[in-house]
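Numbering of the sequence shown is given in the working numbering, commencing with residue 14 and proceeding in unit increments.
Everything labelled a hint here was simulated from the structure, so no lab data went into it. The reader is advised that the hints may include incorrect statements.
Here are the computed lysine-lysine pairs in the DSSO-like style, where the Cα-Cα straight-line distance is at most 30 Å [claimed, not checked]: (1) K136 with K159; (2) K142 with K216; (3) K142 with K159; (4) K159 with K128; (5) K159 with K216; (6) K128 with K142; (7) K134 with K159.
Using C-beta positions, here's what the derived DEER-type ranges look like [said to hold, decoys possible]: (8) E73 with N230: 49 to 57 Å; (9) R137 with D15: 50 to 58 Å; (10) T233 with N25: 28 to 36 Å.
Using N, Cα and C, we set each Cβ at its ideal position, and we do this for glycine too.
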Amino acid sequence: MDWSSKISESANFETGVRECLSAIEADLEAQPHLLIAFISPDFQALYQDLPGLVSEYFPETTLIGCSGNGVIGEAIEVENRPGIALTAAMMPDVSITPFHITGTELPDGDQPPEKWESLLKVKRDSEPKFIILADPFTVEIQSLIKGMDYAFPDSTIIGGIASGGSQPGSNAIYLNGTTDQGVAGIALAGDVEIDTIVAQGCKPIGSLMRITGCERNILTGLDDHNPFTVLSEIYNQLSEPDQQLFQNSLFLTIGGDTRRIEDSSGYIRTDVRIELGAEYSGRIVTEDTT
14 MDWSSKISES ANFETGVREC LSAIEADLEA QPHLLIAFIS PDFQALYQDL PGLVSEYFPE
74 TTLIGCSGNG VIGEAIEVEN RPGIALTAAM MPDVSITPFH ITGTELPDGD QPPEKWESLL
134 KVKRDSEPKF IILADPFTVE IQSLIKGMDY AFPDSTIIGG IASGGSQPGS NAIYLNGTTD
194 QGVAGIALAG DVEIDTIVAQ GCKPIGSLMR ITGCERNILT GLDDHNPFTV LSEIYNQLSE
254 PDQQLFQNSL FLTIGGDTRR IEDSSGYIRT DVRIELGAEY SGRIVTEDTT
């Protein structure tokens, strides 16, 4: 199984896409089975041009992707400026089953697993792994994930949420074509495994602590200590680069199941941004960022 990841920062959409496709073609020396695309919103007016350009190079390749405020390829992240990231894979012993679901097609909670199998075009006993990309304005994502977990309890599900747009119809969802709504997905079965990690753009510092005091969204106690005292102690133990990040990029992770967090060392329920405010008052105001 061979992979190739390319990124372009060209301000010209067609130039950037062709640049990535040509480099992938040179890397793989054959038509890939799968191409995953992420396009910055700078190219919103040209979103629909991507499938046609891809088919010129790889007419038999399954295309999935979406728009995103930040795109990553070749270990390079492009954010808040033009960016095109394409990743291709040769998967000769893997079946790839594409599916698209609109918000109105989601089964309700009373539907049996067979309804989900029909919708996703794959059977549970094939042990599929899923990649899904959803438009947040047109589908209830939590209902989607709960339903897939119910119907495919042993399957790995990874993916993300399209971004870049501020209203319905302003994001792009790719599945061998272009749409602006619903969920694009592929089911992978055969000689493939997917390992999942939590990647929130943060790395852990400090130790696991219990919230011992709060007033609504105001954090007033961690392990029976003033939160600022705890933060000061953590800060003093950091390297100089991490101390710089600490001053403007600090997040607090809240876990609803302490045992599960400790056992899996990375299980995250939600993240909240810490707003330190102007006063050293011993109170931390948290703002939900999920």
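Which of the listed hints are not met by the structure?
Violated: hints 9 and 10.
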